[in-house]
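> The primary structure of each chain is shown beneath.
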Amino acid sequence: MSEVTADTIGSVGPAEVAELELYHAHSWLTKYVFCQDAKVIAIQYSLTAMAIGLVALVLSWLMRLQLAFPGAFSLIQSENYYQFITMHGMIMVIYLLTALFLGGFGNYLIPLMLGARDMAFPYVNMLSYWVYLLAVLILVASFVAPGGPTGAGWTLYPPQAIMSGTPGHEWGIILMLASLIMFIIGFTMGGLNYVVTVLQCRTRGMTLMRMPLTVWGIFTATVMALLAFPALFVGCIMMTLDRLLGTSFFMPSVVEQGQLLNYSGGSPILFQHLFWFFGHPEVYIVALPAFGIVSDLISTHARKNIFGYRMMVWAIVGIGALSFIVWAHHMYVSGMDPYFGFFFATTTLIIAVPTAIKVYNWVLTLWKGDIHLTVPMLFALGFIVTFVNGGLTGLFLGNVVVDVPLSATLFVVAHFHMVMGVAPIFVVFGGIYHWYPKMTGRMLDDTLGRIHFWVTFLGAYAVFFPMHYLGLLGIPRRYYELGETAFIPPSAASLNVFITVAALIVGAAQMVFLFNLVWSLSRGKEAGGNPWRATTLEWQTPQTPPAHGNWGKELPVVYRWAYDYSVPGAEQDFTPQNQPAPGRATVPALGQTA
Amino acid sequence: MIAIILFMAVLAVFSGWWLSRQRLMAKPWLEVDSVGGVTAWVGSPVPAAKVGLGVFLAVAGCLFALLFSAYIMRIEIDTTPGAVATGTVLRAMPVPRLLWVNTAMLVVSSGALQCAHVAVGRRERDAVRDALLIGTTSAIAFLAGQILVWRQFVDAGYFAAGNPANAFFYVLTGIHGMHVAAGLVAVGVTTAKVWRGATPERLRLSVWLCTVYWHFLLVIWLMTFALLTGWADNFIVICRALAV
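Quick mapping for you: the protein sequence lines, in order, are chains A and B.
Going by the numbering used here, 79 is the number at position 79 of the first sequence; the sequence numbering is gapless.
Whatever position you read off the second sequence (first residue = 1), add 594 for the numbering used here.
Just chain B, same shape as in the assembly (with noise of 0.2 Å):
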């Protein structure tokens, strides 16, 4: 539960932080204001859907967080050099070329549209529709990579029955795709106001949102790769002695 832990330890200190600003120390009952005066609380500045979709993405790095911790709680790793790992639960599958490619696929969809949210601040139009459509279609491709990668794993033998490591390769990267199919139908619609014909202004927020949303589904695939590749074992270790 290593994983779990770490980021509802970041979050806590995020809450503290925030908490600290709210005035948690005041004495409401000695402060009674007049008409005309009012202890300034004015409404916030920030739009509701942004703070919708930070709470969101904290309750989505949860969801993955879990899921590493249970990886992370499941997975063996043979530290001697040259052994082969003799559990039952041990990373079995290879790391298919096309990974990489996948991977790509999203650093690309993600650096698009990055570039839409800086196309809309310098109200281009034609570069916001453009970088929407390349996000959207490398982000298509990632998802059809990620589709072929399951039939090369199925025609190859590996099935989720097979070995737990198996299953949660088929779960990790299902429940990611998932978030980025669910992310499309937003890059969609985004994308058709731009076809519609919506000024760089009414685009502002919907880019903003599908942006931050994108890196975070980038950052939330680079971790999922990390651990599935091996990368994350020395992190893993590190864990395990932390959990005694």
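Chain A with its partners taken away, still in its complex shape (with noise of 0.2 Å):
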């Protein structure tokens, strides 16, 4: 890399541009469909991921039905109940958040953002969508499959997903294993692109300090994900090996129905350890990018700097790294050494420092900030009121002590929902609100846009605020029915009715954003480039909305970090990154300094 020190800040001239060999439509079908624009290809992947996390939406109906009204449907029995819960997390995780955050954001934001005409690699880009597309088919093929969707579970744990006791056990878990593989190559090289294009990219004066915090997520999960992606990667192969080719590398000496199977020696242990191995990380690969979009989102949206740039940036750095050596707080029960848990108890305790580090630093960005309450701003600030909250939560679970009575609990469901699950897809849906202008020249309806934020917000909180609740009574996850049981009072049953309730009028709130997103496109305000007065690179583009190459003959060159806002003496309250500083006109020109 040729970063300069900063005792050595040159004069390296305006932008001479050479013309770039880009990729250029030659028909609709290129243009739309294999189109290699990242930001066409975006959209596709923002499509998909929001059409198969519909999917997951109605499966989430469905399993709050069951559990608020156990035995009322005919078309919910208990094999259909564990198909619902395996494949409504596994497609929020992976195949809505990841590919949202990373295919969907990334795509988008990173070019533009960087002064980019587009990514590096533009062919094997437009290719990971296509497998990404593949995978989700594959995904969706399972429910139509005989024997339904695997019900494994969203961890898929050896011996039981691939047992004949376990819905799904024929085609299910075979589709959903080849479904992940697709899904990790598909991944990579979008990965790669998105590494490679924040490394090489970049346009003048773009240092890697001057990038938007966003930029800086996107690229830290995205290596992550590169690296973690691989352990579930070798878990999906071996399990397939285990359930086609009857080999053992996770199947130990098991009886099934009175039978003794063929498997012998495998190690249900190690399947955990890769993958959680992943899964960990996995959290992290959402929250990143959420962390670095709310931070862009409120420091627009609050008129304010960032507060601490530098500290968010080394925070971000700094739980990427750390993440990878938590995994095992995932595992407390399986009969670890205790030492083991000592050590990933302790090393979970100290990931909070930066993350809590990042907390600071938002409600400081609003401290005297001149707040506008706009629909973005409500879900970031929604994202840190509900971030912090299952943060807190995460600190019980991350404790042995603490963690091994509450383990398997609705606790823990609470937790990880509140946490990785409405935390970030606040930050999506604020920053759908916040870029759709960028990307359709149109404002979103903003009633529309405010009920929606508030029925959401409420209502996620009425969902999984006594959640935590019946976790803390004892209340097991994953059972299809509680039955008659000693220990849980009858008011659970109420609470559970309150909460399906609010589950329905929360997933209903989404139709009225999906119905906001189509009807703008025609019938919304008109937006001109820059409705936030936002100073970061995509929103100086010549067109709204960018054309193919981003940026005129001339890509813009960078003078600036990417929070000037409110500037004491500036004419407006935002200085975009590609202004250069007002009346020092006399710097000599290029050539005439060392």
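Read the hints as simulated data drawn from the structure, not as lab findings.
Any given hint could turn out to be false.
What the hints assert, rightly or not - No more than 30 Å apart at the CA atoms, straight line, and that leaves these computed lysine-lysine pairs for DSS-like:
| hint | chain 1 | residue 1 | chain 2 | residue 2 |
| --- | --- | --- | --- | --- |
| 1 | A | K31 | B | K644 |
| 2 | B | K621 | B | K787 |
| 3 | A | K31 | A | K368 |
| 4 | A | K553 | A | K31 |
| 5 | A | K368 | B | K621 |
| 6 | A | K553 | B | K644 |
Assemble the dimeric complex from its two separately framed chains, guided by the hints.
Following this line, the structure appears as structure tokens:
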């Protein structure tokens, strides 16, 4: 890298842009379908992710209906319930959140925010989307396969995942594993692009420390995902072989319905290690882009520079590194050595430090800011509250002695939904409300947006707050029905009904959002190029929506960091990154400085 | 999980070193440039493809480190001299001579590509072509040899389902073989370019990429071989001692 140290800040002159060999679409098919433009790929990724996400939303309704009214619906048998749980979790974590943050936001924002024309390898980028789509289709195919999708739980723990007691053990599990393998291959193609683009394709003046935090978040998350997904890949391949060829990577000697199976000598714990070596970084793969995006939303809508930019960057990098040495905190009850548990509890609590730094910095950015309660800002604030909430229960669960009794109760479900379900999805919504004007040239409807926010925000709390309480009562997760149990009071059943009603309402509110997306496409208010008066480069494009190649003849030159809001003495309350310093036009021209 | 942790530690050291050169201590809010004077980031002199390969090798290295980790966790080594191990997961397969031949083939292949790289530097087109051809042929011979080894094992009754150690052998060699096969596509494309008369200058990048990838695959193979033959047993024992 040719980064130069601070004391040798020199003049590199105005941008001289060579004619780039850009990919040009020649037909409708290559412009909208098999397109190599990162912006189109981003939209393809986002729409696919949202479509499959809707399936997962409906599955959560069905689960909630069963929990509130056990046995009332004949289409929800116990095996269906397990299938719904599994597919809901898998889709939401991997096919929706990971794909939307990295494939959707990453593809759209990285080149634009860095002042690049496109990704480093556009063809591979296009391939990445199509492999992702294939993965989604394989996943969907498992719904119509004989025996239905797998019901092994989203963690797919062997041996039960491939034994005949588990629904979908015939086809469902094979399709699930095949789909994950395809997803990882597709993601690796995309991830290579995001990383190399950030490293290589920044425009002039865009040093790493001038990158918006959104790019920092997506970049670090991508690096983590590239290193974490291979663990899931290895686990999936081995389990596929166990299922298809009868190998015993994960399968011990086991008796099924009175018959000794042919497996022997495998280790289920090995799978847990592989799964969580991927699974824990996955939490931050979803959270880091959210951290980055929310930083930019807060700064822009509070008209104030982000507090502690350097610390924010260091915290992102630090969280990324630490998240690789905490995985076994998901395995406290797997019979591990207590010293291991102690080690992982310690690292888990250490990771709270950089995370807390970020929360403080968001709050301090808001402090005395000129807060505009726009819809993106509302979602950003909702994120902070929810993330703190989920993070605090994470401190409970990170401690071995507290975790053991709470393990596999609804407390865990409430915790991870708060911290990596609701909180990141708020950022997804905030991001969409924020960047939709750039993507389409029109604003999303404000009233519908506010309805969407308040119903979703209050509804999410109505769903997950009582769930903590149910968890403390000891109600186990993944149970099809509770039946008559001495330690569960009858009031738990009425609370379950309440949660279900809230969940149905929250789900319905998302339809308002989808309607808004479609309706505003043609009826929304004209946005102009920079409706939020933001500083980052994507708002400074010559056209809105940005044309092919993003910029005009010349690439923008970056003169300042991304957060020059309300600079004292400046004409406007924001100064775009590509605006040079005023009044210093006497700086020597190119060639006159050493 | 010791192999992957070592691998991640190496990556962490490298990333730390790289980050330490990125002016992370800069105070960007104080550095506003004016026209004609832009804080020097003028783009990287390294081609994107090289960085791309580097990132890919980190990912592939991670994959193999995980496979090695799983192997080390599972394999049982009886350290008492002369004893026959009794667990179910133990190194049950012999090391056929053919594996040595295959290893030699891969070494030849890697060496040939290194020669191609040197020849590109000297602008000797014919030498580049010959070296690439030798590299391709010997890599194909390696793959064919690996398949033969599989056949021999199956004929001798070492089925993948028989014992986790057998299964690990097939998976490790299989995934490595797939990486070689995918690399052969890249080498094939480069060789085709020579055939169509590309000048050595235009081949420089492709040949460099292929060579680095080939060396990587050789190193991975040597590690796999060491694990499978038992030379790395002492290392595994040390790893286990470290992991309490």
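> Could you run down the list of hints and mark each one as holding or not?
The hints, checked one at a time:
1. Between K31(A) and K644(B) the alpha-carbon distance is near 29 Å, which keeps this suggested pair within the 30 Å criterion.
2. With a C-alpha separation of about 48 Å, the suggested pairing of K621(B) with K787(B) is violated against the 30 Å cut-off.
3. A threshold of 30 Å between alpha carbons decides the hint, and for K31(A) with K368(A) the separation of about 46 Å lies outside it, so the pair is violated.
4. Distance restraint check for K553(A) and K31(A): the Cα-Cα separation of roughly 21 Å lies within the 30 Å cut-off, and the hinted pair is therefore satisfied.
5. The suggested pairing of K368(A) with K621(B) holds, with an alpha-carbon distance near 22 Å, which does not exceed 30 Å.
6. Simply put, K553(A) and K644(B) have alpha-carbon atoms about 27 Å apart, close enough for the 30 Å limit, and the pair holds.
Checked against the numbered hints above, the structure breaks hints 2 and 3 and satisfies the rest.
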